[in-house]
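Student: Counting from 4, one number per residue, gives the positions in the sequence shown under the working numbering.
Don't read these hints as lab results, they were simulated from the structure.
Misleading hints may appear alongside valid ones.
To be verified - With a cut-off of at most 20 Å between alpha-carbon atoms, the simulated PhoX-like pairs for lysine-lysine come out as follows:
1) 35 x 15
2) 91 x 35
3) 163 x 35
4) 163 x 122
5) 163 x 123
6) 91 x 70
7) 11 x 43
8) 115 x 163
9) 43 x 87
10) 115 x 87
11) 123 x 159
12) 115 x 91
13) 87 x 15
14) 180 x 190
15) 70 x 87
16) 43 x 15
17) 123 x 87
18) 87 x 122
19) 35 x 115
20) 35 x 70
21) 15 x 91
Fair warning: this is a prediction, and the values are worked out from it, not measured in the lab.
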Amino acid sequence: MIASLFGKLIAKSTDRVIVDIGGIGFAVFISKSTANQLPKLDDDLRLYTIPHLTRDSLELYGFLDQKELDVFRALTSVNGVGPKAAIKILGGATVAELETGIRSGRTDILTKVSGVGGKKAERIVLELRDLWSKEDVKEATLALEYHDELHGILRKLGYKDQEIRGAVRALPKETMKLEDQLRAALKNLSH
Numbered sequence: 004m005i006a007s008l009f010g011k012l013i014a015k016s017t018d019r020v021i022v023d024i025g026g027i028g029f030a031v032f033i034s035k036s037t038a039n040q041l042p043k044l045d046d047d048l049r050l051y052t053i054p055h056l057t058r059d060s061l062e063l064y065g066f067l068d069q070k071e072l073d074v075f076r077a078l079t080s081v082n083g084v085g086p087k088a089a090i091k092i093l094g095g096a097t098v099a100e101l102e103t104g105i106r107s108g109r110t111d112i113l114t115k116v117s118g119v120g121g122k123k124a125e126r127i128v129l130e131l132r133d134l135w136s137k138e139d140v141k142e143a144t145l146a147l148e149y150h151d152e153l154h155g156i157l158r159k160l161g162y163k164d165q166e167i168r169g170a171v172r173a174l175p176k177e178t179m180k181l182e183d184q185l186r187a188a189l190k191n192l193s194h
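Required output: the full structure, derived from the provided sequences and hints.
Tutor: See below:
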């Protein structure tokens, strides 16, 4: 099994990269969140990967961190959620948003992703709710509420959803106060 790739990034798009390793180019599917964090072309890149065998080919799905790969595996373990749907879901929300939303039963986190309807979102929540530990649900729920409020504030300031998601994803994990999150997000948006 190919668990990770390390090589030179020679091509990139919003859903796929090509990593050159010893003269061989590996095409790897990625989420939009991973695409937003990629280095420049010709820079070194490490991706944690998982192969998926289809009838016609072997596809690789890659992630910048192990946590995103773990969530991808969890999503694809749900009946009716294939790798393409899972990668779309990961592109529509952060790992923290997904885990918190699923643990607290918030299907709206999932239904905002194109191709994920109410029934599929309910199935994902039902099958994955107990997978992640419940000990930090209260703290994570508070963080998600701050996330929603922060998103609303930034929209009122005229920023677009895609810009907001990128700025929010770049926030430090330890920031909890809404004021601190807003300050950091505005700093990210100004770059």
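Student: It remains to establish, for every hint, whether it holds in the given structure.
Tutor: Hints versus structure:
no., hint, in the structure
1, 35 x 15, "holds, 11 Å"
2, 91 x 35, "holds, 8 Å"
3, 163 x 35, "holds, 16 Å"
4, 163 x 122, "violated, 28 Å"
5, 163 x 123, "violated, 27 Å"
6, 91 x 70, "holds, 16 Å"
7, 11 x 43, "holds, 10 Å"
8, 115 x 163, "holds, 15 Å"
9, 43 x 87, "violated, 25 Å"
10, 115 x 87, "holds, 16 Å"
11, 123 x 159, "violated, 31 Å"
12, 115 x 91, "holds, 11 Å"
13, 87 x 15, "holds, 17 Å"
14, 180 x 190, "holds, 16 Å"
15, 70 x 87, "holds, 18 Å"
16, 43 x 15, "holds, 9 Å"
17, 123 x 87, "holds, 14 Å"
18, 87 x 122, "holds, 18 Å"
19, 35 x 115, "holds, 14 Å"
20, 35 x 70, "holds, 16 Å"
21, 15 x 91, "holds, 17 Å"
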